[in-house]
Structures are given as structure tokens and as C-alpha cells.
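**Student:** Okay, here's what each chain looks like letter by letter:
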Amino acid sequence: MTDSTLIQIKGMRDGLLVSLGDAGWPVVQQALIERIEQQPAFFQGARLALDVGNQALKSSELSSLRDKLSEYGIMLWAILSVSPVTENTAQILGLATRVAKSRPAEARTIKKSDEESALWVNKTVRSGTRIEHDGHIVVLGDVNPGAEIIAEGSIIVWGRIRGVVHAGAKGNQNAVVCALDLSPTQLRIAEQIAVSPERRGKSTPEVVRIKDGQLQAESWIQG
Amino acid sequence: MTAKVITVTSGKGGVGKTTTVANIAVALALGGKKVVCIDGDIGLRNLDVVMGLENRIVYDIVDIVEGRCRTRQAMIRDKRLPELFLIPAAQTRDKNAVSPSDMVRLCDELRPEMDWILIDSPAGIERGFRNSIAAADKILIVTNPEMSAVRDADRVIGLLEAEEKNSPSLIINRLNPNLVKRGDMLSVDDVYDLLRIEVIGIVPEDENVIVASNKGAPLSMEAKARAGQAFRNIARRLNGEEVPFLDLDSHSLWDRIGKFGWRK
Ligand SMILES: Nc1ncnc2c1ncn2[C@@H]1O[C@H](COP(=O)(O)OP(=O)(O)OP(=O)(O)O)[C@@H](O)[C@H]1O
Ligand SMILES: [Mg+2]
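Chains as they are written, first to last, in the numbering used here: chain A, 1 to 223; chain B, 1 to 264.
Chain B extracted, bound-state conformation (with noise of 0.2 Å):
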């Protein structure tokens, strides 16, 4: 076994990157991969809320990094799904306390006992990125139909672009196809025509996604939410599958990317 490891990033905050890693985590686990997430976000961690992991914590990211644990202590494993870990962020530390080397040795030391590795990466472009950043392999940005996000999902694309870092894959979230009829939002053809990456997923809004996440049992595990579903074929996209779009606004998707897909 030697584990991908995926960062998910966004430049913006409040987008759905801990959502995102908490579904697609689940999902992978679901399919029975081995999977551990990895909180980014030292400070303000709250991967462990989503998950409905909080009160496990004994150990923390910090605590390996500086010795105090071994990395096995730190990883709490979710009762659902016994294969799925999660290494907390340090909640009274700052940033600081990790270094891009840090994650890339953790990592490393993860790999050849896992499937998937999902790091959490806080907003911003700042050190909480450049440290979720250091170990990836495949970073997916999230971002939302909505001019600002968009922009700051430029900004990181163009940051990992100058680092000659592998090609991100793009997650539009939130998207309320009612709302991009009556042309109120960003469609997800404005969002790729201006960021021309591989859109990996496209995940409805959907006020289930928020019920979840305060009971800590992300809704990819529930069979027919459709943001659930939304999520889980995120997963099995990234395990090499070919899955259709969910039938949201996405029709002529499909004709872009066939023209415009070569483009850099």
C-alpha cells in the first residue's frame, strides 16, 4: 500500500473544505479504503467537530511533531468506520508549530500503511497552506459559484501553477441551480471558463450538508441525501472511475471541456 495524499485548499474561507474532506473521507472508507484525515487548520481546528470525533482527542498534530506521541496515539479511529483515522489539528498553537517538512515526514510515514491520506487546509495562502501543500500529490481546490471565491481559487491556482506543483482538480460547491437559472449565480460554465481546470465535482447546496455536519456524521454516509451523493462520487472519481455529473446545470459542460480541455 502506498497512500495518495490529497490536500484540500481554496484561498477563500467558509467554502467547504473541512466538509469536503470529512465526506469524501467517508466516502472512501465507505468502499472500504484505509483512510486518514489530517487537520491543516492548527488553531482553529474543527475537523474533529464534523466528524463527530472532539471528544476522542488525547493527541494531537503537535504533539507528534515535537515528540510527544507517537503517531499511531494520535490517530483516532472512527467507531463506523474502522478504517477511517483522523490526526487532529493542536487547537491552542499556532501555525508555526508545523513545517512543510514536518507534514512531508508524517506523511511519509503514513503512506505505506494507508490508501488515502486527506489533509484539511486552512484559508488563506499563508504558512497553514504551504504546510497542507508540502506532502501532496493531488491538491483539489473548493470553491463556491460566487465572484470572490472564484478569484482567490485563481490566486491558488496560480500560486501551485509557479511551484510547478501536478494539475489541481476543481470542486464547485454549494451551487443552487435555481438561483443560476434566474441568472443570480456563477453558473459552473462561468467558473471553468474562467479557471480551466478539471472539475472534479460539483455539490448542490443543500441545508443537509449543515444538520450533518452538527451531528458529526457527514452526510456522504447517508445513501439519498443528493449533496451525500454528490460527494461519494467525488470519491469514486478519484479512485479512476468515470462518473456522469449529477443532472444539476451542468449540460454543457461537457461541450467546453471537449473544446477547451487541452488548454493550459
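Only chain A is shown next, with the shape it has when bound in the complex (with noise of 0.2 Å):
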């Protein structure tokens, strides 16, 4: 038997948000499916958006649920959490990591906005996926045409930028945006929005910051 209270059930506007409470994730993912299946045509056909509170997950662990409740015909859309790593592995998982309806306040003041953390990304960020992160953002690999990087703070790639990239998200006019090749569909900092021009010849490191109201491209070598 497990423990009832670990699984909350509220209804919002566009589905079903259940909250898990706290304990292991085997624990809390045994729970939630004993509740499905007291109740599967209550769950049957349900739009789900999941608070899985400070649960660290990997994508395996994700995906695997997913699958799971698709199973019982629910569609697991949304993910929300405390944790970076699960929120990032939503994120490349396709799901939503925000949902319209606000969260519960005490879970928010838990992360607060941290501008001098740095999300860590080691590999190449590729189409559909949309990273987001209060702080700054470091990705080991290229940004394709189709991803999306937001940060509060300042984005580093180390490789190349053709996707859309935003910095200083909520207003930081001092982040900047730094690549090895820098062809971004689309660039902003703060407001300010830049397309690439028509590149001609080689690329070169680049760091882009707002100077006089303007973006501004550097070439990251000096001569």
C-alpha cells in the first residue's frame, strides 16, 4: 500500500495538475499509478501537467513515465519543478515547464532568481528544444536553427549560434552573448533585437553586448 497523501489532484482550466509529494521516485511514481488505477476513467483521456516538487530527474526517468501514462490514455504535457535538471530535461523533452495558472508561492521563493548560477549544457541544442534558465546559459556544442536559449543572464556557446538566442531575458542590459560562430536567426539582449547579416568569409569568436543603445559585434580575437 502506499501513501495517499503523496499524490494531490487539482483541476485547472486545460487538464488535470497532480502534485507529488515527498519521497523516492520510485515511491511517488508507484503511487500515482495506483491512483490511476482506482480511478481510470476518471484519468482516461486527461490532459496532465505533473509537480514532481525537488525531484532531480533524468530524461529516462521522463520518458519512461510518459510512456507509461500514455498507457492509461493520459497525456503527460507539462512538468513542473524546482529543480534545474528536471526542468531542463522537460524542456528537451518537449514538455511545457510552465503551466497558466501560478504556482503555489512558497515553491517559487525556493528558486529564486540566481543570476550568477550557469545552466550547463553539454551537447548540441537542436530543433524544438527552448532552454530557459534565470541565470546564465553555457552550452558545450552548437544552437541549431530551431532552438531556442533564454537566459537572465549571459549565453556562452562554445560552438556555433543559428537558432534564436536571448540574454538578458528579463531586462539585463549588461549580458552578453559570446559564440565561435555566430549566425543566430534571431539575437536579442535585454530589448534590443539583431538579425545576422549575410556572412561573408570565415567566422570568427564573437562576444555581442548593448554599447550606446545598440548591439555591438566583437571579434573575440584581438588584431
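Simulated from the structure, these hints should not be mistaken for lab results.
Certain hints may be false.
[Stated by the list, open to error] For the chain A half of the interface with chain B, some residues (derived, Cβ under 7 Å), not all of them:
1) E34
2) E37
3) V85
[To be verified] Here are the simulated DSS-like pairs of lysine-lysine, each with C-alpha atoms no more than 30 Å apart in a straight line:
4) K170(A) x K202(A)
5) K12(B) x K68(A)
6) K58(A) x K170(A)
7) K33(B) x K138(B)
8) K202(A) x K181(B)
9) K4(B) x K181(B)
10) K33(B) x K181(B)
11) K181(B) x K68(A)
12) K165(B) x K79(B)
13) K34(B) x K79(B)
14) K123(A) x K12(B)
15) K4(B) x K58(A)
16) K165(B) x K58(A)
17) K4(B) x K123(A)
18) K4(B) x K33(B)
19) K165(B) x K123(A)
20) K4(B) x K224(B)
21) K68(A) x K138(B)
22) K138(B) x K165(B)
23) K123(A) x K68(A)
24) K215(B) x K68(A)
25) K33(B) x K123(A)
26) K224(B) x K138(B)
27) K58(A) x K12(B)
28) K138(B) x K4(B)
29) K58(A) x K138(B)
30) K181(B) x K79(B)
[Claimed, not checked] Derived DEER-like restraints, expressed as beta-carbon distance ranges:
31) W25(A) x N208(B): 33 to 41 Å
32) W25(A) x R72(B): 38 to 46 Å
33) E71(A) x P82(B): 50 to 58 Å
34) D247(B) x W120(A): 40 to 48 Å
35) S196(A) x C69(B): 35 to 43 Å
36) G24(A) x P177(B): 41 to 49 Å
37) N166(B) x E71(A): 17 to 25 Å
38) K58(A) x E109(B): 40 to 48 Å
Even for Gly, the Cβ is constructed at its ideal location relative to N, Cα and C.
Using the hints, put the two chains back together into the complex; each one sits in its own frame.
**Tutor:** This is the structure we're talking about:
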């Protein structure tokens, strides 16, 4: 038997919001499945947003849960978490990480905006992926067309930027964007927007910042 | 015998998944292997048509999953190649009639008797795609040298990476060397440069592919056709042989793979 207080269900405008209590991942997952099996008709066809609290989940864990839920006719569309690891995983899997209804206030304060923290992304960010973080974002790999990187701080890409990047997303004018090769679909810092000029010749590492109220790119290499 | 399960998928529709499955299956069977194809495109089946087996369908995959027939009964044997089988999709049901774990169970049942299980995935990244990749040991991504198809391929590769599947391999289909030379089509290089996964096949645009599909006799059955040869080469590479690429436009590909092959 599992503890039914582990699972809290609320109706939302666009589906169900299920909040999982504090316990090991296998335990809460099991509790969720048991709850579904008690009321299969209630869950059949539901759109589900899942608040997993501070669980740090790997993509294999989230995707296997999503497959399992789909066998009960449940569509998992959003994951809410205070763990940046889990948020990142969910974003990579194409799941939403925000829902229209605001989250409980106490969850928000735990994850206070930390401009100095950086999210480390150790691979190429591919089309359809949106990575958001309230600090800096560092990508070891490319940012492909169709991908989006949105940081409240700066964005550093050890690779090529060809997708959309937005640094200083909450208005920080001091944020910068650097990359080994900068040919973004669109680049923004705070409210300033630029699209890539037609590229001629060989690309060099560049850093883009706001200078005199405008976006300016500078070669990273002196001379 | 333990079969390897290969899923052919793409993101974008109409790029040549079904054509690829039919041709590789024929090529593997011509090499004496036992091959079963599974049509994962429930509701829009057409692998049976391309393989010329449509008129022999009695049971389909949903019948197997729902227990109305034994797996053997739904396997249509190709008369030209007795070691080639097809499990057709259901035409009148939707994708939710089959789940990812049904696919895993079905493949596990087939594995001991077969060398290769080839799954034809539907376009998109929804349920039918998830069903098709659930049991895959190896995933082949088909794309055309065209930006929208390449982007969708990129999206699918990202999803597979997130699920920690083995790195997929790429088939670039419908390459037209003349258009590439004129700068009017992405080259193999351009496509590789963006996707950075192993290229396992480059198939030229070839009208005989369409003629063959309409006849229900995949082109890889014909010794001379160039696209057929490209598909046969893919089959050989799947068998672990090293086969050079046809001389289309790929001369600089090897330099790049040499340089960048280690990159993620
Ligand atoms: N190399 C080629 N040269 C010429 N025509 C081709 C080639 N490959 C595929 N085609 C044609 O392109 C069309 C689409 O191919 P196919 O049905 O295999 O795509 P698909 O990816 O399975 O489509 P869907 O997403 O609808 O399942 C068919 O008419 C086929 O004959
Ligand atoms: Mg098809």
C-alpha cells in the first residue's frame, strides 16, 4: 500500500494538475500509477501537468513515465519542478515547464532568481528545443536552427549559434552573447534585437553586447 | 538467431521512410537473411502497397495486439523472397490501438526467429512515432536535402538523444547532384554539417523508385538501378560491411567525417 497523501490532484482550465509529495521517485511514481488504476475512467483522456517538487529527474525517467501514462490514455504535457535539472530534462523532451495557473508561492521562493548561477548544457541544442534559465547558460555544442536559448544572464556557446538566443531576458543590459561562430536566426539582448547579416568569409569567435544603446559584435581575437 | 530491430523515422512526412524500409528489407532478404517488416503507420498503412502485398492481408498488427490472431497468422510471406515477411498496419484504427510496450512485446516474440525486424514509423513525433521507436536497437533517420526536412530530422535526433537511445544514423534520400552543383539544393556536406550523425546512406533522386513502388516491386530487386544500389549498400552497411558511397556528390564528406566524427 502506498500513502495516498503523496498524490494531490487539482482541476485546471486545461487539464489536471497532479502534485507529488516528498518521497523517493520510485515510491511516488508507484503511488501515482496506483491512484490511476483506482480510477481509470477519471484519468482516461486527461491532459496532465505534473508537479514533481524538487526531484532531480533524468530524461530516461521522465520519458518512461510519459510512456507509462500514455498507456492509461493520459497525455503528460507539462512538468513543474524546482529542480533546474528536471526543468531542463522536461524542456529537452518537449514538455512545458510553466502552466497558466500560477504555482504555489512557496515553491517560487525556494528557487529564487540567481543571476550568478549558470546552466551547463553539454551537447548540441537541436531544433524544437527551448532552454530557459534564470542565470547564465553555457552550451558546449551548437545551437541549431529552430532551437531557442533564453537566459536572464549571459549566453556562451562553444560552438555555432544558428537558432534564436535571448540574453538578459528580464531586461539585464549587461548580459552578453558569445560564440565561436555567430549566425543566429535572431539574437536579442534585453530589448535589443538583431538578425544575422549575410555572412562573408570565415567566421571568428565573437562577443555581442549592448554599447551606446545598440547591439555590437566584436571579434574575440585581437587584431 | 536474435534479430536486430531497426526503426526508420524522419519527423517530416513524405521523405521516403516507407520506400527505405521496403528496399532495405528486400536487400537484406536477397542476402539470405530472415526479415520481417512492421508497418507502424496505423491508420495510413502503405508499406503493404509498396511491397506489393496488399491483396494478401487478412490480419494486421492490431489483431495481434488485441489477441484476435497469433503473430504468425498476421505475417504475410513474400512469394518472391520466402524469407521476407510483412506485418501490416490496421487501416481502420487509430494509433492508440497499439502502445509502446505492445511493440516491445511483439518484437521480443519475433526476435528469436528473425535476423532483422524493420519498423516503418509514421511521420511526426506523436504516439505512432513513440510506438515505432520503443523496441528499436538502431534508428535510421531519413531526410531529404531540403531545409524543412533537415530541421525535422534535427528535432527527432534531439528527442532520441534526450531519451538516451543509441545514436541514430542518417539516410539522405532524393539527392539530385545537378541541383547541388548549381547551388539549388543542400549538399551532403550541408546536411551533415548541421546534423552531425553518422551517414549510412545517400540515395539519389530516381524516378524508377516511383515506378517500382507503383508496381509493388521495390527497386533494390533490380540489379542496375542506381537508387536500388544505394539501398542495397545501406543493407550491406547494416550487416557491418564497409561500402564506399556511390560517387554522387560526396567527395568531401570523408574529410569532414574525419575531422568532425568525434563531435556530438
Ligand atoms: N529516391 C527517390 N527518388 C524518387 N522518388 C522517391 C525517392 N524516394 C521516395 N520517393 C517517392 O517519394 C514519395 C514518398 O515516399 P514514401 O512514401 O516512402 O515516404 P514516407 O516518408 O514513407 O511518407 P509518409 O510520411 O507519408 O509515410 C513516394 O512517391 C516515393 O515513391
Ligand atoms: Mg510512409
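**Student:** Restraint: E34(A) near chain B, CB-CB cut 7 Å. Satisfied or not?
**Tutor:** violated (18 Å)
**Student:** That 50 to 58 Å hint for E71(A) and P82(B) (C-beta), does it hold up?
**Tutor:** violated (36 Å)
**Student:** Can the restraint linking K123(A) and K68(A) be considered satisfied, given a maximum Cα separation of 30 Å?
**Tutor:** holds (27 Å)
**Student:** Mind checking the alpha carbons of K33(B) and K138(B) for me, to see if they're no more than 30 Å apart?
**Tutor:** holds (17 Å)
**Student:** Check whether the Cα positions of K58(A) and K138(B) lie no farther apart than 30 Å.
**Tutor:** Cα-Cα ~21 Å, so holds.
**Student:** Would you mind confirming whether the straight-line C-alpha gap from K4(B) to K123(A) stays at or under 30 Å?
**Tutor:** With a Cα-Cα distance of about 28 Å, the restraint between K4(B) and K123(A) holds, given a limit of 30 Å.
**Student:** Does the structure keep K4(B) and K181(B) at a Cα separation of 30 Å or less?
**Tutor:** violated (38 Å)
**Student:** Run the distance test for K12(B) versus K68(A): straight-line Cα separation, threshold 30 Å.
**Tutor:** Between K12(B) and K68(A) the Cα gap is close to 26 Å, so the pair holds against 30 Å.
**Student:** Does the alpha-carbon distance linking K215(B) and K68(A) stay inside the 30 Å limit?
**Tutor:** violated (41 Å)
**Student:** Can you tell me whether the CB distance of S196(A) to C69(B) sits inside 35 to 43 Å?
**Tutor:** violated (57 Å)
**Student:** Under the criterion that the straight-line Cα-Cα distance not exceed 30 Å, is the pair K33(B), K181(B) satisfied?
**Tutor:** violated (38 Å)
**Student:** Mind checking the alpha carbons of K138(B) and K165(B) for me, to see if they're no more than 30 Å apart?
**Tutor:** holds (8 Å)
Of the hints listed earlier, those the structure fails to meet are numbers 1, 2, 3, 4, 9, 10, 11, 12, 24, 25, 30, 31, 33, 35, 36, 38, in rising order.
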